[in-house]
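Required output: the full structure, derived from the provided sequences and hints.
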Amino acid sequence: MGAASALSTPILAAEHVTKLYPVGRRAPVAAVRDLSMEVAEGEFVCLLGASGCGKTTMLNMFAGFVQPTKGRVLLQGSPITRIEPRCGMVFQSYALFPWKTVQGNVEFGLKMQGVSAAERRRRAKWFIELVHLQGFERHYPAELSGGMQQRVSLARVLAADPVVLLMDEPFAALDAMTRQAMQEELLRIQEASRKTVVFITHSIDEALILADRIAVMSARPGRVKTVLKNTLPRPRHVSVQLSTEYAALKAEVWGLVEEEVQGHIEATVTRAGG
Amino acid sequence: MLARVCLRIGSVAAFLLLWHVATTWGWVSGVFLPSPAEVVAQAIALIRDGELWSSILVSSGRVFAGFALAGVVAVPLGIVMAVWWPAKAIVDPFISLLRPLPSITWIPLTILWLGIGEEQKVAIVFLGSWIYILVYTLAAVTRVDPVLVRAARNLGAGDVAVMTQVILPAALPGIISGLKITLAISWSCVLSAELVAAQSGLGALIWQGKDWGNLALVLVGMVCISITVLVTDAIVARLERILLPWERHRR
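Chains as they are written, first to last, in the numbering used here: chain X, 1 to 274; chain V, 1 to 251.
Please keep in mind that the hints were generated in silico from the structure rather than gathered at the bench. Heads up, none of these hints are tricks.
Here are the computed distance ranges between Cβ atoms for each label pair:
(1) X/E137 - V/W84: 31 to 39 Å
(2) V/D233 - X/R72: 51 to 59 Å
(3) X/V261 - V/H249: 39 to 47 Å
(4) X/A118 - V/V160: 21 to 29 Å
(5) X/E137 - V/I242: 15 to 23 Å
Cβ coordinates follow ideal geometry from the N, Cα and C atoms, glycine included.
Spelled out as structure tokens, the structure:
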């Protein structure tokens, strides 16, 4: 698909993936149909699409939470058949353990890997500092704001050192200003760590700020409609939104998405009318 | 805040005053209601000869034994039922049949099986409590957010770690609040058991008062039950805060 992925095995790939969900006694609904895509090592890919386009289903298959009905999902060339700790997930709802402190949450993955207590503490400290939460180690998640909780969740996943980072609309529940600050932090962290990221969003701006490539998805059934290379320069900053290049790219993506949204609205209206 | 405290104290004081006036001025005959002073005198006499303490201790001991036994049986069973469907399918019909039965309906059978000694009192508390603990535990474990389990597995947790590190702590607040509610039920069980056949305990004290026509004794017993249950509740609330430090920050 991309130039980089043609050279070596992609770190993550979906091969003709279809996922059907049963709907009562009627014919099953395809959340994703015949979707193929590849992600190269160190790449930041955004899956962009309206709600209900199957992007979360696709991400859940990358994580191994659900299995494809047809086709294969591959991590470093081998199929993902169960929940895959090498694909670390950042959830939209943070999914922090409320009974554990910030420290305890960040240490969790390391504890599961059998890392010693002293080493866990040392590494957790490093990642807590990475997301600028030093001083909050002993706080419980409920004491933190949404943005801070999502940073804990990011530190928790990064500390476990997965091969791929999966992010399911992680900033959707945050207010606009916090979201912008979080996007900036993610840019900084990803550019420093060169982690491979698959990021789901329905925001064109978010996709343009963060991604190397943007996979625009079509809805019902979910498919990759087009893959765009994001030519905005790196290292990137949220102020990239002020450039003329950004405006041109945004117009292009908007053109692609608009067709989808229009089609979606018409389909809904027809169904409601019929 | 101060106004609220004043009103609370005022309402109790007004009630006691009304009670005092009604009984000493003869509005209500002493046969039906003793005066507050008589009740206090009775309480002091009972404290002096140690009978009050021994009654409280005896009843508390029965509650504690039956309640602990119920917890030891019902909490693990509830957890197993929540995570392993065949267990739920096997136990469910018995829960449906047994839950509507008040604990007093067990009194004839338990007397036949166990006599009227301590075992029978503990059995009544156990039989009246375990189903509630089971139902609360089952609900608490079933309600655990599946996203937390997913997140834990995604971070490399196996079955044992998911159980001990996620499901149990996530369900703990619900299990403890179920235990708290059941403890009050356990108290009503022991009192009903003591009313029917017992020589000791707070329930027996009340029944003695009735048999001897000593209404002050009945009232002392009733007040003692209230205070004992309130004190137990306060102790449990304190324990809850120690066991669940994170719950303090919820909302």
